[in-house]
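J.: Now for the letters of each chain:
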Amino acid sequence: MKKELNAKTTSREKSEFIWGWLLILPTIIGLLILNIIPIFQTIYQSFFKTCDFGKGNIFVGFDNYSKMFQDQAVWQALWNTIRYAIVEVPISIILALILAVFLNRKMRGKTIYRTIFFLPMVAAPAAIAMVWRWLYNSEFGLINHIIGHKINWISNPDSAIYSIAVIGIWSIVGYNMVLFLAGLQEVPRDYYEAASIDGASGMHQFFNITVPLISPTIFFVAVTRVIGAFQVFDLIYMVMDKTNPALQKTQSLVYLFYRYSFTEANKGYGSAIIVLLLFVILFITIIQLIAQKKWVHYN
Amino acid sequence: MEIKRNAAKVVIHVILILFSITMLVPFVWMILTAFKSVTEATSVDPFIILPKVWRKEAFISVSNNMNFLLLYKNTLLLIAGRVLAAIITATMAGYAFGRLNFKGKNFAFSLVLFQMMIPGQIFIIPQYLMVSKLGMLNTTFALVFPGFVTAFGTFLLRQFYMGLPKDLEDAARLDGCNIGQTFLFVMAPLTKSGMVALGIFTAVFAYKDLMWPMIVNPDNNKATLASALAKMQGQYVSKFPELMAASLIACVPMIVIYLFFQKQFIEGIATSGGKL
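So the sequence lines, in the order shown, correspond to chains A and B. Here the first sequence is numbered in my numbering, starting from 1 and rising by one per residue. Here the second sequence is numbered in my numbering, starting from 1 and rising by one per residue.
None of the hints are false.
Calculated cross-link-like contacts (lysine to aspartate or glutamate; reagent style EDC-like; alpha-carbon spacing at most 20 Å):
(1) K49/A with D71/A
(2) K231/B with D241/A
(3) K4/B with E193/A
(4) K106/A with E2/B
I should point out that these hints are in silico values taken from the structure, not numbers from a laboratory.
Isolated chain A (complex conformation):
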């Protein structure tokens, strides 16, 4: 890099090298053992049929994959996951954006609103799922009492996944909102003042100033939320009983992964399912990265 390598800079370089590696060593060793090697182990495992917790691994080549591609339940789980994401992600983002714009001003009660909207983030998903199950209860649930109909929110195979998505939206909207509020803070006030003087309406300002200026934040939230939504597990595991008639139409890929790997102890097949999820998520993220050029404005 530098042409004049005197003794001082080389000793500096040497000590940066030693300290640098010393400081990153715990993290790098941890990442290798806990994450990097396990990726290859999982892929490796997906070529085996596993019986009884690792004993009796039989190499089966692509059998798990060909079985998976013919497995109606896997395709249905992928479709369930997509349906969940299609509802949860856009609605939670749009609601969060509107709330963030409302709160992005000096106003009374701002802190209180923010605290309330964010509250589900600090509650255990298991507890959230239980209370929503109770709210959704077709016989005695609060929701059916209010609307005066006995609707099977979580046992109707056609709509149960959307009822679960509502819980997902309720859980995440405050988190998205806080991220948007942080993004809005960066938008200079004078943009709005100039627009007001030009007579632009609130709606106009929202679509022509707010959305383009925080589009990097929107993009970031969209990418991370899609990845999160494709990994949905807790809500489905907690809300759907094994006897629920809508289970087939709501179980997600991660739910299937969990069931095969840890309830049925077929870790080979479970691994194949999670490798599929990895590729689905990579594919969608790449599409989002390509599509962002059309609508995300970085300055």
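Since the structure of chain A is already known, use the hints to place chain B on it.
T.: Same frame as chain A, but now just chain B:
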């Protein structure tokens, strides 16, 4: 003009209040149900909103069945272990990645970025087999295990270090500090807000973790609040007051801490989430 603006303000407040109610109803209903009897909770005609008498039966019944003190302890150990490990390893690595130049840095950092892009479930089976081979199932070690290092935290703290001015480091060097001393006594203390953000973020997600504790600590005495709730659901099928009482006991500590430190929580999680 003034009237119009005021009207808009009122409309916004009405919307925000309605939304707040939607956000709070599940929590309120959890509390109210927990204090009812089963008959009250499932009364259709007349429909009862408030319990007639605030009963403690549901709480007593679930406390007899589940050792909540133990669950609090296990969850606290999980949180403490992961938070400590994350802050220590990520502070060290974050400084090296953010402020030092050395051979192999870019390759090492690409491992960090790579880990962050991969869905976490792909690590679970091998991690489980490792814990199992070590004979450490049903221990605190098992709970903390996947959180010994954190790619996300490393990335987060690197961002914090990159934002610090260069002259501090130079001044420390002129005063004769070596890199380790500069890091420990000059730079690391300046990233306290980053450490707090990472700590809160790690704590909240450790508390919410469900799948991992269910897998590695199936033993009732080693469960966490989250995994114990999942298990009890099957036993108390339609005893709604009991289910809500247990949920309440599991949620209250975190919510109370949150209400006291809501600013730190929200900012910590927002900066963590937004720094990616």
